[in-house]
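Trainee: Residues per chain are reported as follows:
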Amino acid sequence: MRKKTIWVVDDDTIYQIIVNKIIQKSEMFSTISSFKNGKDAINAVSNSLNNIESFPDIILLDINMPIMDGWEFMEELQVLKPSINKQIIVYIVSSSIAVEDKNKAKSYPDILGYLSKPVNINDLILIASND
Amino acid sequence: MVLEKKWSKFISWFLSKPKTTGLFVFICLSFVIGYIVYQQYRIIKEDERREMHNTLQNVHQNIEQSLKNCYTTTLTLALTINDKGIPENFDYIGKQLVDTNSNISAVELVPKGVIKYIYPLEGNEAAMNLNLFATSYLKKEALKSIATKKMYFAGPFELKQGGIGIVGRFPVFQNNKFWGFSAVVIRLESLLKSSGINNINDSKYYFQLSKKNPINSKEVFYLPNKSDFSKKYNISVTIPDGDWKLYLISKHRNYLYYQILIPAILGFILAAFFGFVINSLLKKPKELQLLVHSQATKLLNSELKYKSIFDQAAVGIAYIDSYSGSFLEINKQYCNLLGYNEQEMKERNFQSVTHFDDLEEDLMNLEKLKLGEIREYSMEKRYLTKKNTIIWTKLTVSPLWDINEKPTTHIAIVEDISLRKEAEELIKKSEIRYKNLFDDSPLALWEEDYSAVKKYLLELNLINENPEIATSFLEKHPEIVQKCFSLVNIINVNNQCLIQFAPKTKSQLLRNTDFIFEKEIPSYFIKHLVAICQGNNHLNIDAQMKNAEGEIREIHLVYSVVKGYEDTLEKVIISTEDVTERKSAEKNIINTQHRLEALINTIDGIVWECNPTTLSFTFISKKMEEILGYTSAEWLENPNFWADHIYQDDREWTINYCALKTNQNLNHDFEYRMIAKNGSIVWLRDIVNVVMENGKAVSLRGIMIDITKTKEAEKELNDSFNLVTEQNKRLLNFSYIVSHNLRSHTSNISSIMDLIELSESEQERDEMIQLLKSISNSLNETMLHLNDVINIRTNIGLVSEPLNLNEYIDTAQNVLTEQITLNDVSITTDIPKTVMVNYNPAYLESILYNIISNSIRYRHPDRKPAIAIKWLIENDLNVLQISDNGVGIDLIKNADKIFGMYKTFSNNSDAKGIGLFITKNQIDAMGGNITVESEPNIGTTFKIYIQ
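As given, the protein sequences belong to chains S and G, one line each in that order. Under the working numbering, the first residue of the first sequence carries the number 162, and numbering increases by one thereafter. Under the working numbering, the first residue of the second sequence carries the number 198, and numbering increases by one thereafter.
To be clear, the hints were calculated from the coordinates, so they are not data collected in a lab. Even glycine gets a Cβ: it sits at the ideal position worked out from N, Cα and C. Misleading hints may appear alongside valid ones.
Simulated coverage check for chain S against chain G, where a stretch passes if three residues somewhere in it have a Cβ under 8 Å from a Cβ of chain G [to be verified]:
id : stretch
1  : 163-176
2  : 206-220
3  : 236-244
4  : 251-260
Simulated DEER-style distance windows between Cβ atoms [claimed, not checked]:
id : chain 1 : residue 1 : chain 2 : residue 2 : range
5  : G       : Thr1014   : S       : Ala205    : 56 to 62 Å
6  : G       : Asn915    : S       : Lys186    : 52 to 58 Å
7  : S       : Asn181    : G       : Asp1073   : 41 to 47 Å
Heads up, simulated EDC-like pairs for lysine to aspartate or glutamate below, C-alpha to C-alpha not over 20 Å straight-line [what the hints assert, rightly or not]:
id : chain 1 : residue 1 : chain 2 : residue 2
8  : G       : Lys309    : G       : Asp280
9  : G       : Lys1094   : S       : Glu237
10 : S       : Lys186    : G       : Asp903
11 : G       : Lys1090   : S       : Glu214
12 : G       : Lys1100   : S       : Asp218
13 : G       : Lys1090   : G       : Glu1132
14 : S       : Lys186    : G       : Glu1132
15 : G       : Lys1094   : S       : Asp271
16 : S       : Lys200    : G       : Asp1087
17 : G       : Lys1090   : S       : Glu233
18 : G       : Lys926    : S       : Asp262
19 : G       : Lys1094   : S       : Asp262
20 : G       : Lys926    : S       : Glu261
21 : G       : Lys374    : G       : Asp280
22 : G       : Lys819    : G       : Glu957
23 : G       : Lys743    : G       : Glu774
24 : G       : Lys1100   : S       : Glu236
25 : S       : Lys263    : S       : Glu233
26 : G       : Lys1090   : S       : Glu188
27 : G       : Lys626    : G       : Asp637
28 : S       : Lys186    : G       : Glu957
This is chain S alone, in the form it adopts within the complex (with noise of 0.2 Å):
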């Protein structure tokens, strides 16, 4: 099975280690991108537009990140998905266990699940092998 190219995109930097190390304890994915806010994720999403390549298979996104947030990431990504040849996919990754956002998540066709933290490796090997 090829591996997966993953992107992490949270304000938490410890959270960001910690995910990094897990995702290396799986050994599921090939590349990890780490971002720090919303806006730094779109930016390389636009950057990617012409290397689909370079395009992740799947985004772990938190929602509340400053300057730009999970959800606002998740506008912006409807605007450029027609540019986009790849399936995305997304899953939230948030420490917020409020229903309105679980309900949010839902709306958006790209959001195949919800997870919360903490995340283990159990859960990033049944995402990698989602398919």
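Given the coordinates of chain S, work out where chain G should sit on it, guided by the hints.
Mentor: Showing chain G alone in chain S's frame:
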């Protein structure tokens, strides 16, 4: 025929011009007279001429005779001459000759031209031996006689013997030789005498004898009156024997004129006279003609006038034969009235078109007319028209024959009085109707005569007197009122009256009304009298009268003066209507109304009624005063009162809503504010009912309920609700954030724990433990933050003190000195030194610190940071304004995040997202507010509202 006509025309032309004719006649006659006179003249002239001729002839003859005699004489004398040439017996012959011829004065023998022998010698001696040839004046003539060999009479000339005479010389030739002359001398006078010249009537003509003088060939005249007569009429005869001319000249032609002139004049006068006569004679016919003409014209005019009158008259005129009754002449109107045309009318007679009922009377009248008993008659009669309808006419008939003449024709003039008749009928009908109305009217009617009352009042000088004075006067004098009452005269009453008041008989009622009023003067009567004094012709009074059963009833009395009797009040109509029931019903209604009003006024709301289109109110209950402070009167006066007093903000909506609903004829219920008299705002709930009539909205009725308190309570409730919701939201938010933040840390810890367990090396484990440390630190920090926030939220021990603003700003600056100098920040403060705020010192410090540090943190990289702190008053609130020239905030994106917890939107690593959150909380806790205005790249301004 034509000739006759021409002739008559000719004649008439003449007749028409008498003057001309007269003149013409005069001229004609003058001509005639002239001609006659001329003829006369000519005749006379002829006569004269003839006479003259005769006379002359006569004379001539005589002279000739004489000359002949002389010739004979000379001859005889010559014969005396013998052969020797010597006359023999001269004297004896001579004497005999002279005696025989009285004319001859002398005879001579003139041998060789020398007078030798003269008889009678006496008296003629002078002539002896006169040589004729020697004498010049004799010579010629002598020679002439010789030449002619005839006797030639020389002279007349002066005789040698004296006197004038002629000498007749007869040349004697002996043996053809001239011997001499035998001459005879005649004195002119004797010649003349013998000629009979002198016998001629001197008066008419005169003679003249002339001879051409042989010497000078001039005509010499020998008779007296030698004037030139060449001009005069003369006849002459030549006596060749002596070359004499004998003129007979007419004298005194004038007499001739007289002879002619007078007849001429007479004749002319006659002619003129005749002409004049003719003129005057003809004038008469002319005048007559003119008169006739003018009369004819007049006649024609009057004929025309008459014709037009006859034709165009608005009444029917007809000539009717008095015996047969047939229509001889009929005019248009007559025909129109009866519907026939002229032709048809002429075929009929008047009897055939007269209505049967009137025919007898008509014929009777006509008989009287014919008999001469009456000279004209008129009557009203009916005619039958062609359509068999009846028309009423007024007929006037007058005869066309003179008195005592036989009846011939008469004129009938008919006037259409059908309308009048109709009117009469109508009047009769209306009279009857009036009578019926009066008698059978359901209202009691009295016909009365107030004239006596008026007169009495006049006497009392109450007419036109001031009503108050009159009233008081009458009140003080009941006896006068009594008298007035008794003066009222009742003429007639109707049936209802009798029923209502039930007198014993009608006459009883007519006599007096005592039994109704029982000697008590009704109180209304004074009013009545005063009204009469004022000249009122109509009056409505309420009175009390007793009815048939003796009950006192309320009576509505209407007094009305019949038209035309306003002055005298002789005829007035009074109606008395028993209104007792009505009055009591009225009372009930009024009572009910009052009760209703009282009821309405007790309702705790403004009951109103208004016009649906104009929104002008027709009724407002008393509650208005209580609720809004305006009186009903004020409200009702101004048709736009309601609209004007609606609270401004609500006005448009309210009016539109009301109109909308009204148009849809829907009852509606809405709330709005109105401004009370004292200026306060009152909330009203208006429940409106649309009153329909025949499908149309005729009025709006409703009730306005004062819901101010309710509204206020509602508002308070709303406010608290909002507050609570807000608080709730914040709490939720807070809890959410808290949970999220705590969770993130805790989840991190849990993950790290997992990783430590999974770690494969010591190094990894140490890494993890380090991470754990930092997580724990973050967690701590978060807890601290939360503490702060909770503290603020619970407001425990919040103490406010009056604080000097400037001091605290300086303090904040001091705290940030390092940052300020490092970044070269300039801070300007524009706050009066004395400004004091009631604030919690810790909060004030924290707020100032936060905002200023934010301004420094988010400075613009391209310019020197400048912060301006100002103190303003905005809408009665104190405002602390802190503005900077930093990078600014995109408020469009981040307005809701700026004061949110843990919400950051910049990449600034120092930004925790909590500073402003805390600041806001602190300010809110102090009961103020904070707002932000910003423009990216320009700067940001925070405004803190302090109470």
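Trainee: Can you list which hints this structure breaks, lowest number first?
Mentor: 2, 3, 5, 7, 10, 11, 12, 14, 15, 22 and 26
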